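J.: Chains A and B, in that order, are what the protein sequence lines are.
For what it's worth, numbering that gives the first Met the number 0 labels the leading residue of the first sequence as 0, then goes sequentially.
For what it's worth, numbering that gives the first Met the number 0 labels the leading residue of the second sequence as 0, then goes sequentially.
A few of these clues could be false.
[What the hints assert, rightly or not] Partial list, computed: chain B residues near chain A (C-beta under 10 Å):
| # | residue |
| --- | --- |
| 1 | Glu43 |
| 2 | Pro64 |
| 3 | Val105 |
| 4 | His125 |
| 5 | Lys129 |
| 6 | Thr143 |
| 7 | Ser185 |
| 8 | Glu186 |
| 9 | Met191 |
| 10 | Gly193 |
| 11 | Met211 |
| 12 | Ser214 |
| 13 | Met218 |
[Claimed, not checked] A partial selection of chain A residues facing chain B, derived with a Cβ cut-off under 8 Å:
| # | residue |
| --- | --- |
| 14 | Gln406 |
| 15 | Val495 |
| 16 | Met620 |
[Unchecked claim] Pair ranges (Cβ atoms, derived):
| # | chain 1 | residue 1 | chain 2 | residue 2 | range |
| --- | --- | --- | --- | --- | --- |
| 17 | A | Leu570 | B | Gly128 | 53 to 61 Å |
| 18 | A | Lys605 | B | Lys142 | 35 to 43 Å |
| 19 | B | Pro82 | A | Leu570 | 35 to 43 Å |
| 20 | A | Glu265 | B | Glu166 | 29 to 37 Å |
| 21 | B | Lys5 | A | Leu570 | 37 to 45 Å |
| 22 | A | Pro103 | B | Thr143 | 49 to 57 Å |
| 23 | B | Glu166 | A | Gly436 | 38 to 46 Å |
| 24 | A | Glu104 | B | Glu166 | 36 to 44 Å |
| 25 | B | Lys210 | A | Ala499 | 53 to 61 Å |
| 26 | B | Met218 | A | Glu104 | 55 to 63 Å |
| 27 | A | Lys605 | B | Glu166 | 34 to 42 Å |
Simulated from the structure, these hints should not be mistaken for laboratory data.
Owing to the predicted nature of the structure, the values given are computational and were not obtained by experimental measurement.
Don't be surprised by glycine CBs; every beta carbon is placed ideally from N, CA and C.
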Amino acid sequence: MKYKVIFQPSGRRGEIEEGKTLREAAIELGVGIEQVCGGNKVCGKCKVQIQEGYFAKFDVHSSMNNLSPIGKEELRLLNEEEVKNNYRLACAARVQGDVLVFVPEESRVGGQIVRKAAGEINIELDPAVRKYYVELPPPTLEDPEGDYERLMRALKEQHGLEGLSMDYHALRALPLALREGKWKVTVTVWNDREIIGVEPGYNDRTLGIAFDVGTTTVVGYLTDINTGKVIAIDSMMNPQVSFGEDVMARITYAMEHEDGLQKMHEAIIGGINKIISNLCNKAQVGVEEISEIVLVGNTAMHHIYLNIYPEYLGVSPFTPAVHRSLDIKARDLNIKAAPGANVHVLPIEAGFVGADNMGVVVALEPEKKDDIWLIIDIGTNGEIVLGNKDKLLSTSCATGPAFEGAQITHGMRAAPGAIERVRIDPETKEPRYKVIGKEEWSDEVKSEARGICGSGIIEVVAEMFKAGIIKNSGVFNTKLDTPRIRKGENGQPEYVLAWADETAIGKDITVTQSDVRAVQLAKGALYTGCKILMKRYGIDAVDKVILAGAFGSYIDKEASMVIGMFPDCDLDKVVAVGNAAGDGARIALLNRRKREEANAVARRIKYIELTVDPDFQTEFMQAMYFPHMKDKFPHIQHILDKIPK
Amino acid sequence: MTEDKKQLLEEIRKAVIEFDEDRVKELANKWIELGYDANEAIFEGLAAGMEVVGDLFAKNEYFVPEVLMCADALYAGLDILRPHIKAEDKTETKGVVVIGTVEGDVHDIGKNLVKLMFEVAGFEVHDLGKDVPLEKFVEEQLKTDADLVCLSAMMTTTMPGMKKVIEMLRERNPNVKIMIGGAPVSEKTVEMYGADATGKDAASALEEAIKMVASLREMKRKKEI
């Protein structure tokens, strides 16, 4: 008897023979789990967490009862808390039914490569939080005015600040701070409106953290608000991944489990707090020094981290609970920071186009440009903004997880061992490729590949198309005479990218007909989004294509145009800007005027729902061809001309 | 059947498979000019071609774009042939189907493909469109006395709506057959929601539907006796 085993966050899944351990299952499916002791139930490094419940996306009922009962070795190596939270040792738990297994960060071999470094941003410093040093005359019997009123008087006299309110927690700290500082204190003021902190003496260091909460990855940038400099960066896999890979799966989880939203909310807040404490450790600062936090995320992430029920985002007409930006006390969200600190949440456009995309707009300011830009944030959900100073349109399209390596036979996330670059000889159809973690290409060194990551999938499909292995309709050319093209297990054609003896998994790494189909659906959806926005704007070409998001900065521009992920454009005018969402969050942390602008722009951007467009079906159908069934690609025509017929 | 007629049917079939819309139109017109039976061209030509298309799709040799183009070719032929169907053939439908994408969901490409298969197979199809309020399925079933109700959902967030429709339908009319479909739907969903069947693609959906309607008719007949 075989059962379904799914590993998260890698998304690897397969049918596993009853009685095998989760460790054996992981090896079979190419999932890296730490195992210092070699599976002897001694080291306790292979801790995994079992997610219980029905997961519609995978169609499994996962339960602790679907594993062998917990043994005494496990009870010795797991603490009470872990046992309560469904932790098991992968080397001890045996498969007796369908299970969904979450491999926590610390148990993973070779963590994911997070390509979310902080770029330079040019921004005028006008932060929402500022520190003011004041010296107060000590009270006397003749002048016994209260501490708060006394502070107000001094702030007015010395800084011209009037009418400030005071956060309750700051007020509680006030009497002691004043006396400890001998009537010399530094106050933290939020938006010229509220005193959110008081500390004795002089301290002008002002710290804040900008967060980019992605569906898959969460990144925090600890920033010196006075200089704009990033002091430390920390990131992790979004802990919600175990509840579902994409936003739809997470919304569904909230709908189908009574405590679903609460669990996911607690998971992401836990992740945010973990990053905060890591950042503070790295920079040797106290958590209570964090005066302001900015969060950006797509609409689903936004609702879940705010603990707002997300169902209505997931069904037509896809309405969010709120569009405008929000300021919430960090303590109300259980986020660890200074007791009076606020969390600023960037505004939301519509549907699935969320604060993430807002971050892009804040950072790049398309609303001020003459040129018409096409801004594409490629993720599980593709988010697109098109326009210039005259008009801005946006949409989102379900690209699915194919570009993240999921739903691809040998797909994996961008981690060591993932094939990321591919070249195929158009004559011999022989490939060379490069894996993450190795400098040399596969023709120079044994690759020890484990799978193919998103950027690798785009390249291999582009190369297969260029070499004539697949036709423009995506179907394999089975008439080619090479052992690389063969019939796979299910009778469908596949291309062998790496032979078993080159790999680390002891199996051939192939690209199957279904994989090509998955890429066609994903890229077709993205192209259709671009095309319909262009049609609505009334243009048939754009001046510039901007690839936002970490993934966009890693994919090959030429390859992505060859498969037709977006409309034709001068390749020099296709630019990757890296993690613009993170940049947007940092900008909002440093400049409050930008926050106002973000609210204004969010209201100006018009959201277009693709599926209700009368041409949607036709456009989508045509966009599934490589690079397109009808549209011309003059800028890469020379490449298309060379494709063997 | 004369050789010419056979030849022409074969060409219609081929033109559908090769999604050559203009050729289908040309052949359909020729068929009518020659005074042949329109119904025959629909079933032995257009529908037969679409059956092959279904097979190619199942084998992954054809993908959504090709199937949609074949569908366009087929509809072009239907438009020409339909007005010429003889009156006695019109009443003879295989069954009545109500189909739609459930509330909250605006995806309908898959639903349209299934609808097409039903139409070519000679079912009377009532298409409610997309984002259909759940009660509407029940109303329409009662109004048309449909043998079969087909529900589609492309998102895991809208899928649970199908369960509600099924409960409402069963309450009013325990005998009606219900098929569900869409990317997140599996055999397990069928079981969990209490539906009768799903098909992994449009062609197998049709196959299931024909089986179900046949058994339903059988049941009715027994009751009448």
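J.: Could you run down the list of hints and mark each one as holding or not?
T.: Structure-based check of all given hints:
no.: 1; hint: Glu43; in the structure: 27 Å, violated
no.: 2; hint: Pro64; in the structure: 4 Å, holds
no.: 3; hint: Val105; in the structure: 4 Å, holds
no.: 4; hint: His125; in the structure: 20 Å, violated
no.: 5; hint: Lys129; in the structure: 8 Å, holds
no.: 6; hint: Thr143; in the structure: 25 Å, violated
no.: 7; hint: Ser185; in the structure: 5 Å, holds
no.: 8; hint: Glu186; in the structure: 9 Å, holds
no.: 9; hint: Met191; in the structure: 8 Å, holds
no.: 10; hint: Gly193; in the structure: 15 Å, violated
no.: 11; hint: Met211; in the structure: 23 Å, violated
no.: 12; hint: Ser214; in the structure: 27 Å, violated
no.: 13; hint: Met218; in the structure: 31 Å, violated
no.: 14; hint: Gln406; in the structure: 11 Å, violated
no.: 15; hint: Val495; in the structure: 18 Å, violated
no.: 16; hint: Met620; in the structure: 4 Å, holds
no.: 17; hint: A:Leu570 x B:Gly128: 53 to 61 Å; in the structure: 42 Å, violated
no.: 18; hint: A:Lys605 x B:Lys142: 35 to 43 Å; in the structure: 39 Å, holds
no.: 19; hint: B:Pro82 x A:Leu570: 35 to 43 Å; in the structure: 52 Å, violated
no.: 20; hint: A:Glu265 x B:Glu166: 29 to 37 Å; in the structure: 33 Å, holds
no.: 21; hint: B:Lys5 x A:Leu570: 37 to 45 Å; in the structure: 54 Å, violated
no.: 22; hint: A:Pro103 x B:Thr143: 49 to 57 Å; in the structure: 54 Å, holds
no.: 23; hint: B:Glu166 x A:Gly436: 38 to 46 Å; in the structure: 53 Å, violated
no.: 24; hint: A:Glu104 x B:Glu166: 36 to 44 Å; in the structure: 42 Å, holds
no.: 25; hint: B:Lys210 x A:Ala499: 53 to 61 Å; in the structure: 43 Å, violated
no.: 26; hint: B:Met218 x A:Glu104: 55 to 63 Å; in the structure: 57 Å, holds
no.: 27; hint: A:Lys605 x B:Glu166: 34 to 42 Å; in the structure: 39 Å, holds
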